[in-house]
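Enquirer: Respectively, the protein sequence lines represent chains G and L.
Position 91 (the first sequence) corresponds to 91 in the numbering used here; numbering is contiguous.
When you read off a place in the second sequence, starting at 1, and then add 114, the result is the number in the numbering used here.
Simulated from the structure, these hints should not be mistaken for lab results.
For each residue, glycine too, the CB sits at the ideal point set by N, CA and C.
Where hints are given, some of them may not hold.
Cut-off 25 angstroms, straight-line C-alpha distance, at most; resulting in silico cross-link-like pairs (DSS-like, lysine-lysine) [claimed, not checked]:
1) Lys218(L) <-> Lys156(L)
2) Lys184(L) <-> Lys170(L)
3) Lys156(L) <-> Lys30(G)
4) Lys13(G) <-> Lys156(L)
5) Lys52(G) <-> Lys30(G)
6) Lys218(L) <-> Lys116(L)
Every beta carbon over 12 angstroms from chain L, so not counted as near; a handful from chain G, in silico [to be verified]:
7) Lys13
8) Ser33
9) Gly58
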Amino acid sequence: DAGVTQSPTHLIKTRGQQVTLRCSPISGHKSVSWYQQVLGQGPQFIFQYYEKEERGRGNFPDRFSARQFPNYSSELNVNALLLGDSALYLCASSLQPDRYYGYTFGSGTRLTVV
Amino acid sequence: QKEVEQDPGPLSVPEGAIVSLNCTYSNSAFQYFMWYRQYSRKGPELLMYTYSSGNKEDGRFTAQVDKSSKYISLFIRDSQPSDSATYLCAMSTGGGADGLTFGKGTHLIIQP
């Protein structure tokens, strides 16, 4: 079975631009969450989506937005990119938001803002 | 003070040693505790999951949770060079809406 798939794997953007990151969950998983991992830090929670609805949001500015599609895939959008947005963006999928033992992470999208 | 504190290391031990990794936390509402292993340029991989206090063992790995002290530990027995990675503790209050709160991660190096 395929794991959590994220695309693209690497991305370089210029300050002020906008970026869209994509995530395909494990088949049967209806919950997707997004995390930002800055170099040398642990992942930080951005969004939780379940059944196409936002169920949770971390402490991130409104420049960050996301959505979940009917097939449970998800997109994370970041507008007006800042240098500090450079990080590894991780997507995790699970059957339900509180099934922590079943959280599976993808390998992430490495975003570099120059 | 961060919600979850974890010594970033690096922690270097010889092959075969017992490794002890730990995290402290401040939010007494945390009920779910996890340890993840992350190799360079990869996503975190779940190693151990514990609900509330107590011990859990899985092969060479043992997780301990002491909610009264707000302290969790991961022990690795008979450590192998392939165990060299960053180990992240993570915890949640439950429900899923708050996501997981991670520690900074400890970089572990097992010397052959």
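Enquirer: Each hint needs a verdict: does it hold in this structure or not?
Expert: Here's how the hints hold up against the structure:
1. A C-alpha spacing of about 16 angstroms is found between Lys218(L) and Lys156(L), which places the hinted pair at or below 25 angstroms, so the restraint holds.
2. The hinted pair formed by Lys184(L) and Lys170(L) meets the criterion: a straight-line CA distance of about 17 angstroms does not exceed 25 angstroms.
3. Taken as a hint, the Lys156(L) and Lys30(G) pair is honoured in the structure, with Cα atoms around 23 angstroms apart against an allowance of 25 angstroms.
4. A C-alpha spacing of about 21 angstroms is found between Lys13(G) and Lys156(L), which places the hinted pair at or below 25 angstroms, so the restraint holds.
5. Proposed proximity of Lys52(G) and Lys30(G) is supported: the alpha carbons are some 8 angstroms apart, at most 25 angstroms.
6. Between the alpha carbons of Lys218(L) and Lys116(L) the distance comes to roughly 10 angstroms, so the proposed pair stays at or under 25 angstroms and holds.
7. No Cβ of chain L comes within 12 angstroms of the Cβ of Lys13(G); the nearest lies about 19 angstroms off, and the non-interface call holds.
8. Residue-level check failed: Ser33(G) sits 6 angstroms from the nearest beta carbon of chain L, not beyond 12 angstroms.
9. With a closest Cβ-Cβ approach of about 6 angstroms to chain L, Gly58(G) is found to fall inside the 12 angstroms limit, against its non-interface label.
The structure does not agree with the numbered hints 8 and 9 stated previously, though it agrees with the rest.
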